[in-house]
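Turn these sequences into a full structure, and let the hints steer you where they fit.
Protein chains: 2
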Amino acid sequence: MELETRYEAEPGSVRPGGRTARVRAAVLRAAEDVLAEQGFAHLDLADVARRAAVGKTTVYRRWGTVANLVADLLADMAEQSVPRTETGSLLGDLTANARLVQRTLTDPRQVALFKAVIAAATWDTRTAQALRRFYDIRVNEWAPCVQQAIDRTEIPPDTDPREVIRAVSAPLYYRLLISGEVLDQAAADRAAAAAVAGARAGVYRRDGDRGSA
Amino acid sequence: MELETRYEAEPGSVRPGGRTARVRAAVLRAAEDVLAEQGFAHLDLADVARRAAVGKTTVYRRWGTVANLVADLLADMAEQSVPRTETGSLLGDLTANARLVQRTLTDPRQVALFKAVIAAATWDTRTAQALRRFYDIRVNEWAPCVQQAIDRTEIPPDTDPREVIRAVSAPLYYRLLISGEVLDQAAADRAAAAAVAGARAGVYRRDGDRGSA
Numbered sequence: 001m002e003l004e005t006r007y008e009a010e011p012g013s014v015r016p017g018g019r020t021a022r023v024r025a026a027v028l029r030a031a032e033d034v035l036a037e038q039g040f041a042h043l044d045l046a047d048v049a050r051r052a053a054v055g056k057t058t059v060y061r062r063w064g065t066v067a068n069l070v071a072d073l074l075a076d077m078a079e080q081s082v083p084r085t086e087t088g089s090l091l092g093d094l095t096a097n098a099r100l101v102q103r104t105l106t107d108p109r110q111v112a113l114f115k116a117v118i119a120a121a122t123w124d125t126r127t128a129q130a131l132r133r134f135y136d137i138r139v140n141e142w143a144p145c146v147q148q149a150i151d152r153t154e155i156p157p158d159t160d161p162r163e164v165i166r167a168v169s170a171p172l173y174y175r176l177l178i179s180g181e182v183l184d185q186a187a188a189d190r191a192a193a194a195a196v197a198g199a200r201a202g203v204y205r206r207d208g209d210r211g212s213a
Numbered sequence: 001m002e003l004e005t006r007y008e009a010e011p012g013s014v015r016p017g018g019r020t021a022r023v024r025a026a027v028l029r030a031a032e033d034v035l036a037e038q039g040f041a042h043l044d045l046a047d048v049a050r051r052a053a054v055g056k057t058t059v060y061r062r063w064g065t066v067a068n069l070v071a072d073l074l075a076d077m078a079e080q081s082v083p084r085t086e087t088g089s090l091l092g093d094l095t096a097n098a099r100l101v102q103r104t105l106t107d108p109r110q111v112a113l114f115k116a117v118i119a120a121a122t123w124d125t126r127t128a129q130a131l132r133r134f135y136d137i138r139v140n141e142w143a144p145c146v147q148q149a150i151d152r153t154e155i156p157p158d159t160d161p162r163e164v165i166r167a168v169s170a171p172l173y174y175r176l177l178i179s180g181e182v183l184d185q186a187a188a189d190r191a192a193a194a195a196v197a198g199a200r201a202g203v204y205r206r207d208g209d210r211g212s213a
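Chains as they are written, first to last, in this note's numbering: chain G, 1 to 213; chain W, 1 to 213.
To be clear, the hints were calculated from the coordinates, so they are not data collected in a lab. Mixed in with the good hints, there may be bad ones.
Derived list of chain W stretches under chain G, where covered just means 3 residues or more per stretch with a C-beta under 8 Å from a C-beta of chain G [claimed, not checked]: (1) 130-136; (2) 141-147; (3) 170-178; (4) 199-206.
Here are a few chain G residues that sit away from chain W, every Cβ distance over 10 Å (derived from the structure) [said to hold, decoys possible]: (5) Thr20; (6) Asn68; (7) Ser81; (8) Glu141; (9) Val203.
All residues carry an ideal CB built from backbone N, CA and C; glycine is no exception.
Written as structure tokens, this is what we have:
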């Protein structure tokens with residue numbers, strides 16, 4: 001019945017899913033606009049439908065709640081995230097990653113969006129889960145560069161790749177959300193260098209956790 | 001006139017400032033309660049006055065706005081923050097710092113308070129400034145342990161002490177706000193070890209910033 005509704009609205013649609021994909025893109029774009037301009041508290045399905053020029057019923061049927069809409073927005077952002085750069089060294093790869101995070105967090109539209117979602121995640125469990133899934137996908141995208149560094153014997157074999165990737169992002173988010181210091185390329189390069197130094201020193205070894213437990 | 005109002009309400013007050021200090025303590029405690037239980041959006045001066053059993057006029061005259069009240073709450077928290085531990089080694093000192101941050105961010109009342117204030121800081125400039133001042137005071141309290149490590153020649157002489165202290169906190173706040181991973185003592189110890197590894201490798205040298213600029 002849901003499929004029928006989607007297709008009957010635009011019978012001339014070239015391929016199945018074409019209209020569905022366009023509706024999703026328009027709705028997510030409108031949701032991004034509201035989040036970036038006004039914040040999570042102003043996100044409202046009827047308003048998003050109006051901005052996206054999509055039927056309110058369609059939006060309510062497909063997403064149902066603001067939390068679902070934000071979760072889908074984050075899933076879409078994760079799908080579209082840039083594939084990782086391969087430079088041949090751990091420092092080079094992590095610097096590329098850090099600069100990507102730094103550019104995202106200094107883009108006016110994206111930073112407004114991230115701030116709104118991170119703030120909402122502090123009080124809304126569904127949004128917190130969606131945020132974690134988003135970062136899980138990004139961490140999984142970049143973790144192989146740490147495994148390659150292990151294979152090149154740059155860092156200890158029992159290093160936890162995901163923990164190294166998270167270590168690159170942490171100081172950049174700290175600047176954004178807590179200390180308010182400038183988020184420039186030097187900060188990105190320092191974050192990457194710190195993660196490499198920690199990895200070389202064995203700080204991110206899985207054994208480290210077990211040993212101190 | 002303000003002084004008159006404060007003192008005339010309780011003429012038997014032993015020392016000047018006694019009532020003022022008690023009023024402040026009661027109001028800040030009530031503000032903490034609202035933030036921890038309901039979040040920043042529910043903070044209202046009249047409600048805080050009622051909870052604190054303090055005259056509404058006093059609260060409006062002294063604090064005026066919710067932003068001022070939150071700024072004063074953060075100033076009070078900074079005044080009361082625990083003095084740093086001195087262990088004789090950089091790893092020992094930073095581990096003590098990391099565990100203090102970790103305990104704060106896992107205390108149910110304090111974590112609710114911090115999340116509410118950090119979320120509000122994403123959209124409210126005054127709260128963001130107050131939050132930065134709070135962390136400035138905490139960073140200043142702990143930075144001397146890095147200077148002592150420089151004096152002991154544990155780390156390069158041009159290391160930026162404040163940057164090292166921030167590096168200890170960053171992964172813990174990242175877990176709290178972004179990745180949602182468990183914030184246990186092992187995470188604290190790893191954050192301290194990573195900051196030490198970075199400092200030893202020269203990542204937090206002031207020259208590093210200048211060199212890459």
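Hint check:
| no. | hint | in the structure |
| --- | --- | --- |
| 1 | 130-136 | holds (count 3) |
| 2 | 141-147 | violated (count 0) |
| 3 | 170-178 | holds (count 6) |
| 4 | 199-206 | holds (count 4) |
| 5 | Thr20 | holds (31 Å) |
| 6 | Asn68 | holds (19 Å) |
| 7 | Ser81 | holds (15 Å) |
| 8 | Glu141 | holds (15 Å) |
| 9 | Val203 | violated (5 Å) |
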